[in-house]
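Please take these sequences and the hints and turn them into a complete structure.
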Amino acid sequence: MIILAIDTSAIASAALIRSHETTDGDPGAPNDAAVLASFATEDTKSHAEVLAPGIRALLAEQELAPGEIERIVVGIGPGPFTGLRSGIATARALAFAWDVPLHGVMSLDALAWDVLAAGVPDDGAGAPGADGAAPPSSAPPSSVPPEFGAPEFGARDFAIATDARRKELYWARYGADGVLRDGPHVTPPGGLPAVPVYGAGAGIYPEQLADAGATCVHAFDAAQPTAASLGLVAAARIARGLPLADTTPLYLRESDAQVPGPRKRAL
Amino acid sequence: MNREAPLVLGIESSCDETGVGVVRGTRLLANTVSSSMDEHVRFGGVIPEIASRAHLDAVVPTLREALDTAGVTLDEVDAIAVTSGPGLAGALMVGVCAAKALAVATGKPLFAVNHLVAHVGVGLLDDGVYGGALPAGLGALLVSGGHTEVLRVRNIARDVELLGSTIDDAAGEAYDKVARLLGLGYPGGPAIDGIAREGDAHAVRFPRGLTQPKYMGTAEDPGPHRYDWSFSGLKTAVARCVEQFEAAGQPVPVADIAASFQEAVVDVITSKAILACREQGIRNLLLGGGVAANSRLREVTAARCESAGISLAVPQFSLCTDNGAMVAALAARVIMDGGEPSDLGFAPESSLPVTSVTA
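Same order as they appear, the protein sequences are chains H and E.
Residues 322 to 588, numbered by the numbering used here, are exactly what the first sequence covers, in order.
Residues 545 to 903, numbered by the numbering used here, are exactly what the second sequence covers, in order.
None of these hints come from the bench; they were simulated from the model.
Every residue, glycine too, gets a C-beta built ideally from N, C-alpha and C.
Among the clues, some could well be false.
[What the hints assert, rightly or not] The following label-pair restraints were derived from C-beta to C-beta distances:
(1) E:Ala792 x H:Thr569: 48 to 56 Å
(2) H:Ser576 x E:Ala791: 42 to 50 Å
(3) E:Gly767 x H:Pro581: 44 to 52 Å
(4) E:Gly761 x H:Lys366: 52 to 60 Å
(5) E:Gly681 x H:Ile323: 55 to 63 Å
(6) E:Asp612 x H:Ser576: 25 to 33 Å
(7) E:Ala852 x H:Pro581: 37 to 45 Å
(8) H:Asp577 x E:Asp612: 32 to 40 Å
(9) H:Lys366 x E:Asp881: 29 to 37 Å
The structure is reproduced here in structure tokens:
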């Protein structure tokens, strides 16, 4: 099966993933999902321009006809509103045109996957890359994808944080097994738990995180969620028969609109 | 590409209406609109983020319904079209992303078109006054919550000139603000139009903006704003007027103020538009935009056009307000005129000038 993955929760990215649909009900079976091709922007402001041409180029590069895409997954944030909608609008329209199933994945899960792939922290003190060393990029993906679970906090938990602008972070807390423990939330950096924090959001506020007892993991301090990892998360969940979310965006904030008060009277 | 009578799907999302329309050449096949207006009522105006969220959820259902209504499939469509501006940036983005995705999914050409010119394009459909033809000496007066413009249209597909526009609030915006001042609710246009019928339009003499000689100049030596409008001073004048009644402890004559305000708006819009037509050789005027529904604006425009010997065309109301059919109609014109599709890398442009028919 070929999955098209899209994420625009921070940067704009898309990827084509090849995977097997089921493992015959064996949750321990290996998941051989692989990224066929991907692209990602560096900036976080050009989604509407680059996403569609990028997807078209991926399809051309892999010589895929539209009918060969069997499933679409899209990052549903949290992320800045306009950028986030670019990916979801694109995914919904593609799914309509191709008449294929469409699912959502919480965008921070994509970065959690990358952290797990780099080797989870072996104890509370020794987060991967905390000493500045690069994570082993050749490490095989963990067989345990991030997934929703009961909020039982552990000593080796970690957090993923991305930039929510307005001096706040989008973040979620994961167990060392990749299970989502808490979140996603949007708070100032001081609101994060005292765990190693991975992601570009951590790199913006290392001092504030330190004040809160959290640590910025420098090897990941510019890392953003990518469609490639998002697609692998989705493929792993599908292979294990786990449900995926719909594409309702996780805005986490209301619009800033204020209902106007009564008009001031003269005198 | 079929350039004789192309089957075009158009998407509009520049403000609070998610519109998808289908045309074949100059024939209208479907015009489906989903509006988030009800969600903006309590705020007294369109909230861009709320409109954008509504577009995201409305665009695919609206698309599906428009295709069903037209009785065509996406595969049969010759081209996709979308409003790329002007409009609210976040709102435009949703329609643009959806349209680009459809173009990638189907391999069909994509035409990014100008929202304002599309308001004119919809008046050139078969059912309109001109029976699908492009008349010579065509002008357009667009009056809505976001726009107040008078245009000269030499070729709808590639040659549109801005003759005049508001330099501050749009006329519809002034209606919304004044309706709020008078406690008449949102949207202000229909509320003021309704109560104005019970009032005296000459009770209060409100200012007509930019009509002083220093702004107007003469036909030979035009001033800086001969065909331009300004409505922010009018709104302030209404506020001062209301305050005077309140300060005097008198009841506010809402109907008289509404009627007098409407008279000022309609008078200055039509007098300047007709002046532009007369001086610029425009013999056919097309009225478009949401405020084209205003009974007094239609009445006065019709009367003044008639005395000036100008033919007036007003599309049916569902085509005057924002919709996708107008986007499809303009793109079909561009295709029939030999125009080329847009590059997929274009960006929505919230202040796209009216002279850019396509992006």
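**OP:** With respect to the beta-carbon atoms only, verify the hint that E:Gly767 and H:Pro581 lie 44 to 52 Å apart.
**Re:** violated, 36 Å
**OP:** Confirm or reject the claim that H:Ser576 and E:Ala791 have a C-beta distance inside 42 to 50 Å.
**Re:** 36 Å Cβ-Cβ, so the 42 to 50 Å window is violated.
**OP:** Starting from the range 29 to 37 Å, see whether the pair H:Lys366 and E:Asp881 falls in it by beta-carbon distance.
**Re:** With Cβ atoms ~34 Å apart, the hint holds.
**OP:** Could you tell me whether the CB distance from E:Gly761 to H:Lys366 stays inside 52 to 60 Å?
**Re:** violated, 43 Å
**OP:** Could you tell me whether the CB distance from E:Ala852 to H:Pro581 stays inside 37 to 45 Å?
**Re:** Once the Cβ atoms are compared, 41 Å apart, the range 37 to 45 Å for H:Pro581 and E:Ala852 holds.
Original post:
Can the suggested window of 48 to 56 Å be confirmed for the beta-carbon pair E:Ala792 and H:Thr569?
Top reply: For H:Thr569 against E:Ala792, whose Cβ atoms are near 54 Å apart, the range 48 to 56 Å holds.
Original post:
E:Asp612 and H:Ser576, beta-carbon distance inside 25 to 33 Å?
Top reply: Distance hint for E:Asp612, H:Ser576 holds at roughly 32 Å.
**OP:** Using the Cβ atoms, figure out if E:Gly681 sits within 55 to 63 Å of H:Ile323.
**Re:** Since the Cβ atoms of E:Gly681 and H:Ile323 sit about 56 Å apart, the hinted range of 55 to 63 Å holds.
Subject >> C-beta pair H:Asp577, E:Asp612: status relative to the range 32 to 40 Å that was hinted >> reply: holds, 37 Å
Hints 2, 3, 4 from the list above are not met by this structure, while the remaining hints are.
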